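*Asks:* Assembly of the complex is requested from the two constituent chains, each provided in isolation within its own frame, with the hints serving as guidance.
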Amino acid sequence: MISSYREHGQALARGVPANAVMAELYGKATGCSSGKGGSMHLFDAGRRFLGGHGIVGGHIPLAAGIGFAIRYKKGDQVCICYFGEAAVNIGAFHETLNMASVYKLPVVFCCENNRYGMGTAFERVAAVTDVVEHACSYDMAAELVNGMDPLAVYAATERAVDRARKGGHPTLLEVRTYRYMGHSMSDPLHGVYRTKEEVEEQKKRDPISQLALKLTEDGALDQAALDALDAEVRAEVEEAVHFADESPDPDPAELGTHVLAD
Amino acid sequence: MPTLTYRDALNQALREEMQRDPNVFLMGEEVGVYQGAYKVSRGLLEEFGPMRVVDTPIAELGFAGIGVGAAMAGLRPVIEFMTWNFAVLALDQIVNSAAKILYESGGQIPIPIVFRGPNGAALQLAAQHSQAWDAWLSHIPGLKVVAPATPADAKGLLKSAIRDANPVIVLEGEMLYNVKGEVPEGEHLVPIGQAEVKRPGGDVTVICHSKTVAVALKAAEQLAEHEGVSAEVLDLRSLRPLDEAAIVGSVARTNRAVVVEEGWPHCGIGAQVVDVIQRDAFDQLDAPVLRVTQADVPMPYNKQLERLAKPSPDRVVAAVRRVLYLD
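The listed protein sequences derive, respectively, from chains A and B. Residues 1 to 262 in the numbering used here are what the first sequence spells out, letter by letter. Residues 1001 to 1327 in the numbering used here are what the second sequence spells out, letter by letter.
If you are wondering where the hints come from, they were derived from the structure by calculation, not from laboratory data. Hints may be right or wrong, so weigh each one.
Okay, the calculated bits of chain B under chain A, using three or more residues with CB under 8 Å as the criterion [to be verified]:
#1 1054-1067
#2 1091-1104
#3 1267-1274
In silico DSBU-like pairs for lysine-lysine, Cα to Cα no more than 30 Å straight-line [to be verified]:
#4 A/K104 - B/K1039
#5 B/K1180 - B/K1198
#6 A/K166 - A/K73
#7 A/K104 - A/K166
#8 B/K1039 - A/K73
#9 A/K166 - A/K196
Keep in mind it's a predicted model, so treat the numbers as computed, not measured. Glycine is no exception: its CB is placed at the ideal position from the N, C-alpha and C atoms.
One chain only, chain B, in its complex shape (with noise of 0.2 Å):
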């Protein structure tokens, strides 16, 4: 199996979509003759065209309603933005437009478009370009949220999303751009809504997605050499739907869970998902659920205090060592 980086498994997939279906085209800030601003578009504009990698304006809302608006009208948009937080001057077409028009006509328009970029944080880029908005976007009746942490998941869950009768939301990370890692070629497509466990394990729950599983496999590593723990990483993938009966299950197994994202704690995607463990694991709990997020503050552009701010896998051992009552 060839290895990829995730920024070229993210390519590969447009790519093999475009050449498969004449109605899917790319729309966003430096897709085309740019290349990308960091380069998940390489080589499109010089293989489809300007008609199907399309430059635009810094006009986030406006080019946002325009994929929705060609979504209406039987397109197959895929609309990258730079960093989704940019995106937030978007919202009011993913929410009130691409969210809401199947919904508001009856069943008549469906809306098959896709939103995808950067998510959370970089490097020392300071508070506004350091935002995880999976919550957000999650939230959303009429949406799809899928968060890929590997090459191969970037490639199936963009393919997936870009097939999806449904407005997907794609949250990349510019931490994961350059990550390698095998990828299937071809037809490879990951399902929207299923969760895989990315490293078995006995002890513990480590529940994740995106750039957090890396940080749990890492803490999952400390932990076996360590402490002699064995963490089941868990990585949700699909934030919406949630595969509730893959978090249920491993659970239900090791009777313990920590949930790692990188948001910011109030009404994060660990609410969620501890919701659904008190719900549906109430019985199999040895231990409270503790979360591991983003500190609840913006995001600081100092070194020193970013890192802190951030989830790691020192808090993550941490954080099993409290639910196995270690301390």
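So here's chain A without its partners, still in its complex pose (with noise of 0.2 Å):
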């Protein structure tokens, strides 16, 4: 798996601790990157989690070269690679599809479209809006998912893994979401450029509530159980956020460490 800087969640889903992934917002010796990489790089090479990559589009190109390693092994592997809608309009897209295309490398590109790169809304600055349609400039198999069901999503993935491993072909999905707060530290929580109501109005959407709704009347967990989720989440997080606070720095002689391998 292999991930933009907005990869917290999806380090988490692949197994890094929380401790390890918020020691390494913290800049601390004890997070998955030893303190050196930061919230946009989060590394975690045992669980092939490989990143965590600040340049918009820029791990693209190394989600191709990882399908391709896996193909050259003949390897039963799939890469995943996830990113923002804003990736698109960079050129490694196109030329990691492409390639990605003629060379039938067993990667799925997860385009997660939240409509919003930085402040500028998609349709200002794209041409072609729905993401899914470059696909068919590379012959490339594609699925527009709803991106605020969490089944679906799955279901979307699971149909593009077994497309990979199986045939050996990448697929490009679009999965439509939202994001609830600004880009960044710097951005409030709206902006100007979208309205207060436009993002309570997407919240009603939320993936996390919709499926613990449907999870309640599917008769599968009881309020109580959800509760009890919710406990556990939040301890962990306020166990993370311990962690973190208690861990050391890196040591200073840290600075001239992993510039080059032995």
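*Replies:* This is the structure:
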């Protein structure tokens, strides 16, 4: 798995411990990148979480390279690559989709379309606003997915992974979602580029609450079980914050290590 | 010892390393069916097949990134740029991915990759196709940079580069590909980071690398013949890491230095070499260090103007005369 700088949830999903993720956000020695990567560069090679990359779209070719290595070694793994819709305007996206299709690489390109690249609405800067359509240019399978429905995302990802694993064909997924918070710490909650009403409206489609609702309707979980889950997650986050707070900074001698490998 | 061209020495290094390690593969424009834009990869597709000799579209950023991704996943890619001029399109992957992933992952993910191709001017290819990127690439921590001048060094440095655990930039030269020289057979490795005296001398050190080694050697011949001056020609071979001990050691003996390079003067390799000399050989210097570089202009097309722009033996001789106060 490889991702952009908005990779925190994916790192957790890949199994990187919350303590190591939080400590990395704090820049601490116990972080998953030893405090040298920070928020944008979470890495855990053992769990095959390969970053955390800070240049918009710059990691998309890396995903194809990982797919190339899988094919080279005749492995059955699949590389999944997450990026935002703003990365679709970058040349690296197009060069990579072309080559991934030509070389038949086992890669799932998953575009999380949250509608805004920083403060710029996608339709203001993209001639083609349905990201999936770009797959036509590269003769690639594609699927448009409701990103506010976790089960739909799961099913579409599974289909794409199967296609990569069995046929060695890449897929472009466009997962439509939304970002409630600002782009970064310097961006207020909704900024001047969108209205508060729009944000509030989107929150009603929140995938976590929607999934909770479905689970209770289906009788899979009752309210008490959901509350227990919430409490468990909250405790894990509290513990991670405490762990990060208490962790040491990297030793000053670490400044010059890891520039080159031995 | 067999005599080979620089081109065939590189070819031999690639072939031997691909035979030695199944994880080594070559990727780039025209490397396969066409046999290489400069025939460096001649015969490799036939021997190793299309999975290991991979033709790409003209998409430097994309295939450089595929190389880095493959290195992240355990392969040892050799990425050929048809020329380093086109590699500028891939700088994001070289600078932001290859050079940084080991550091920003806290040492978890090494990137054993080679980026190679011809660098600098050939003949009358004009401004966009005649640029030396030595200083740009040597600026970046996380990269190693080598620039062989002879067929033997080309083979030995490329083999070392392929075996290195880090991203290594190999700067070749279109004008060097036909140069012939003796090349040791088989296991010939030139360590990265070691300069070599290509001609010993006692009166002045001429520090150079890549194509300018031939320029310096010619100048040294003229100086010996016409001026009775004994010039030591020190070939840097590696630009990062730089063999500072060899530079200081030679200048401490000769007390004078001229630095020659193909790049532009501003913030060039020579500026770095001069910094080493003023810091560690200040008391041994008998004259200010002078530099001979490409003229500080985009490369002109016209043959006469192009000749004026390039470092030449005459310009090196003139600089040596000045540091010896012969003028």
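*Asks:* Hint check: A/K104 vs A/K166, CA-CA at most 30 Å. Holds or violated?
*Replies:* holds (11 Å)
*Asks:* Please count how many residues of the stretch 1267-1274 of chain B have a CB within 8 Å of a CB from chain A and say whether that reaches 3.
*Replies:* violated (count 0)
*Asks:* Can you confirm whether the C-alpha distance between A/K166 and A/K73 stays at or below 30 Å?
*Replies:* Given that 30 Å is the threshold and the Cα spacing comes to 15 Å, the pair holds.
*Asks:* Going straight from one Cα to the other, do B/K1180 and B/K1198 come out at no more than 30 Å?
*Replies:* Satisfied, since the Cα-Cα distance of roughly 15 Å is no more than 30 Å.
*Asks:* Is A/K104 close enough to B/K1039, meaning Cα to Cα at most 30 Å?
*Replies:* holds (27 Å)
*Asks:* Holds or violated: are the alpha carbons of A/K166 and A/K196 at most 30 Å from each other?
*Replies:* violated (45 Å)
*Asks:* Closer than 8 Å Cβ to Cβ for three or more residues is the test here. Does the stretch 1054-1067 of chain B pass it with chain A?
*Replies:* holds (count 11)
*Asks:* Can the restraint linking B/K1039 and A/K73 be considered satisfied, given a maximum Cα separation of 30 Å?
*Replies:* holds (28 Å)
*Asks:* Checking C-beta pairs, does the stretch 1091-1104 of chain B have three or more residues closer than 8 Å to chain A?
*Replies:* holds (count 8)
In summary, the numbered hints that this structure violates are 3, 9.
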